[in-house]
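Produce the complete structure using the sequences and hints provided.
In case you want the letters, here they are:
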Amino acid sequence: MAEKVLMKGNEAIAEAAIMAGCRHFFGYPITPQTEVAAYMAKRMPKIGGTYLQAESEIAAINMVYGASSAGVRAMTSSSSPGISLKSEGLSYMAGSDLPAVLVNIQRGGPGLGGIRPSQSDYFQATRSSGHGDFHMIVLAPNTVQEMFDLTVEAFELADRYRMTTMILGDGMLGQVMEPVDISRGEAASTVTKDWALTGTKGQRKRNIINSLYLEAEELEMLNLKRFEKYADVEKIARTDNYLTEDAEVIIVAYGICARIARNAINEARQRGIKAGLIRPVTLWPFPKNQLKAAVEKAKAFVVVEMSMGQMIQDVELSIRCSRPVHLCSRTGGMVPTPESVLEAIENAAQAERS
Amino acid sequence: MMEIVFQRPKALSDVSSHYCPGCTHGIIHRLVAEVLDELDLTGKTVGVAPVGCAVLAYNYFECDMAQAAHGRAPAVATGLKRANPANIVFTYQGDGDLAAIGTAETIHAAARGENITIIFVNNAIYGMTGGQMAPTTIPGQITQTSPYGRDPKYAGFPLKICETLSTVDGTAYAERVSVDSVKNVINAKKAIKKAFEYQMAGKGFTIVEVLSTCSTNWGLEPVEALTWLRENLIPYYPLGVYKDKEVF
Numbered sequence: 526m527a528e529k530v531l532m533k534g535n536e537a538i539a540e541a542a543i544m545a546g547c548r549h550f551f552g553y554p555i556t557p558q559t560e561v562a563a564y565m566a567k568r569m570p571k572i573g574g575t576y577l578q579a580e581s582e583i584a585a586i587n588m589v590y591g592a593s594s595a596g597v598r599a600m601t602s603s604s605s606p607g608i609s610l611k612s613e614g615l616s617y618m619a620g621s622d623l624p625a626v627l628v629n630i631q632r633g634g635p636g637l638g639g640i641r642p643s644q645s646d647y648f649q650a651t652r653s654s655g656h657g658d659f660h661m662i663v664l665a666p667n668t669v670q671e672m673f674d675l676t677v678e679a680f681e682l683a684d685r686y687r688m689t690t691m692i693l694g695d696g697m698l699g700q701v702m703e704p705v706d707i708s709r710g711e712a713a714s715t716v717t718k719d720w721a722l723t724g725t726k727g728q729r730k731r732n733i734i735n736s737l738y739l740e741a742e743e744l745e746m747l748n749l750k751r752f753e754k755y756a757d758v759e760k761i762a763r764t765d766n767y768l769t770e771d772a773e774v775i776i777v778a779y780g781i782c783a784r785i786a787r788n789a790i791n792e793a794r795q796r797g798i799k800a801g802l803i804r805p806v807t808l809w810p811f812p813k814n815q816l817k818a819a820v821e822k823a824k825a826f827v828v829v830e831m832s833m834g835q836m837i838q839d840v841e842l843s844i845r846c847s848r849p850v851h852l853c854s855r856t857g858g859m860v861p862t863p864e865s866v867l868e869a870i871e872n873a874a875q876a877e878r879s
Numbered sequence: 052m053m054e055i056v057f058q059r060p061k062a063l064s065d066v067s068s069h070y071c072p073g074c075t076h077g078i079i080h081r082l083v084a085e086v087l088d089e090l091d092l093t094g095k096t097v098g099v100a101p102v103g104c105a106v107l108a109y110n111y112f113e114c115d116m117a118q119a120a121h122g123r124a125p126a127v128a129t130g131l132k133r134a135n136p137a138n139i140v141f142t143y144q145g146d147g148d149l150a151a152i153g154t155a156e157t158i159h160a161a162a163r164g165e166n167i168t169i170i171f172v173n174n175a176i177y178g179m180t181g182g183q184m185a186p187t188t189i190p191g192q193i194t195q196t197s198p199y200g201r202d203p204k205y206a207g208f209p210l211k212i213c214e215t216l217s218t219v220d221g222t223a224y225a226e227r228v229s230v231d232s233v234k235n236v237i238n239a240k241k242a243i244k245k246a247f248e249y250q251m252a253g254k255g256f257t258i259v260e261v262l263s264t265c266s267t268n269w270g271l272e273p274v275e276a277l278t279w280l281r282e283n284l285i286p287y288y289p290l291g292v293y294k295d296k297e298v299f
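Quick note, the sequences are listed as chains A and B, same order. Counting along the first sequence from 1, when you hit position 206 you're at 731 in the numbering used here, and nothing is skipped either side. Counting along the second sequence from 1, when you hit position 37 you're at 88 in the numbering used here, and nothing is skipped either side.
Rather than coming from a laboratory, the hints here were simulated on the basis of the structure. Incorrect hints may have been included.
Pairs of lysine-lysine, DSSO-like flavour, derived with a Cα cap of 27 Å [unchecked claim]:
no., chain 1, residue 1, chain 2, residue 2
1, A, K726, B, K61
2, A, K730, A, K760
3, B, K245, A, K726
4, B, K244, B, K234
5, B, K211, B, K244
6, A, K730, B, K244
7, A, K726, B, K244
8, B, K296, B, K254
9, A, K571, B, K254
10, B, K245, B, K234
11, B, K296, A, K726
12, B, K254, A, K726
13, A, K822, A, K760
Structure follows, in structure tokens:
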């Protein structure tokens, strides 16, 4: 049995990145993700890597743009207000088809908001990460182990699809300590980056990394081509299901809310309500087919999230509003209790009976 | 046997540029390309184009090129250089890009002593967007957004970039040059060459500020624009070496 190490979620992300071959981290301090940067600052110099503290989140994402252009695995991490500042860079990276890994350890908003855990950047992550038509792959871990595993996977996906892959966590997952099996880290992928800016060495034509296309026809063609790629990325959509086989009330929750929901589901079952959990592991692409399939047995859905109701829209769209979808949420840094989720399950079940 | 005495530098692409007639960007592109040729750097160089008139610079140099978001070229160059320190990395930026929206990226790249070279083209106006007031527009200068002449009491003062960066410890070399005359063009090339040589030697952050014209948006004939530069920009932005860590 592999040895486990006790780590904070933020540290697990950093160690996973290193094991995935990332040697270039560019960051800027912000609570509650600071441990990612601190871990990198400690480890990178020992392994010949680069930890660089940028002058701003804007600079950090543009350093990632540069390093990724040079063909290396690069990443940055931040929390909600800092992610807003990275929007410009994310759009340019999407327009230039550059791979990178971005971590958002969400805190309450809007504005400076607070430093307590939140999931209110769901729209920003999945809908509007910056100007223009583009998407990022968004992965949502719910344990420290998954912070590790999904970060390793994020680098593979980023390179495979030449996209930014975001790890969307929250302040609680970032700070909590849990045992992690770090032997699951994979060696760096061997994706050939013949587009990278490494110098022509007089052996090839110059490479250009660019997102400017002044001919509208050409830009449209490139957008259409990028969205063909996104259609292919749909196949990575996945969920982690719990007691869904016979479930009549389906909870949909990601991240820390999914763990809270499991407790409530166990209690609901003891009270005779067939409740189950669908936990999206990928938020973009959203696992709409898995949701659609659940409609057969489910009478109602309850979405548990730490926002005023953002993911709920994807649930409603996925099932085409064919079942009632209830929202159980807290916001501004507040975390739902298992009791409140249980009550939401009971109310949903009651509404179906009456 | 005829001897070739003048030809297009190999590092300069064989294409027509989009620059306006009379614009001095062409001269500055050529000087950079000549230096890349003379130092045999094209194969190991990565250039970074800005947002502004020089946005299409990626089409004009034969080395690998990236295009950066507005003002972020020094950060992009930092990522490129940190990823592949053996590459020579330069940015080519205008005054709006470098001295307004990208001021933080510029000053902090210098502060880190980032081993990159910046070619800073200062023509005291936003050219690409049609001639608005720039951070380097001089007092009294008329632009589309300072139609009565820049009034420092209202619009503040221009930034003097070489002077500012000379106070930053990480700056290895900062020189202001001009391309208004043959003599100054020759000096400009010397400065650009020195900046690249410093980078090759790993000395740190280097910047060459090149005073340049914008006939179109200054509303002057090309020759008049050169005269205007000489009579107005050079007195406000004196030419010379502001920092050379080998000397002072």
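Is K245(B) close enough to K234(B), meaning Cα to Cα at most 27 Å?
holds (17 Å)
Are the Cα positions of K730(A) and K760(A) separated by 27 Å at most?
violated (35 Å)
Does K760(A) sit within 27 Å of K822(A), going by the straight-line distance between their CA atoms?
Holds - the C-alpha atoms of K760(A) and K822(A) are around 24 Å apart, at most 27 Å.
Check whether the Cα positions of K296(B) and K726(A) lie no farther apart than 27 Å.
violated (30 Å)
Against the 27 Å threshold, does the CA-CA distance of K254(B) and K726(A) hold or violate the hint?
Since the Cα atoms of K254(B) and K726(A) sit roughly 23 Å apart, the hinted pair holds (cutoff 27 Å).
For the pair supplied as a hint, K211(B) and K244(B), is the alpha-carbon distance within the 27 Å limit?
Holds, because 22 Å separates the two Cα atoms, which is no more than 27 Å.
Pair hint K726(A) and K61(B), alpha-carbon separation not exceeding 27 Å:
With Cα atoms ~14 Å apart, K726(A) and K61(B) stay inside 27 Å; holds.
Restraint status (C-alpha distance of K571(A) to K254(B) at most 27 Å)
holds (24 Å)
Between K296(B) and K254(B), does the CA-CA distance stay at or below 27 Å?
With a Cα-Cα distance of about 8 Å, the restraint between K296(B) and K254(B) holds, given a limit of 27 Å.
Sort out whether K244(B) lies within 27 Å of K726(A), counting only the CA atoms.
holds (20 Å)
For the pair supplied as a hint, K245(B) and K726(A), is the alpha-carbon distance within the 27 Å limit?
Holds: K245(B) and K726(A) sit about 22 Å apart, inside 27 Å.
CA of K244(B) to CA of K234(B), is that 27 Å or under?
holds (16 Å)
When each numbered hint is compared with the structure, violations occur for hints 2 and 11.
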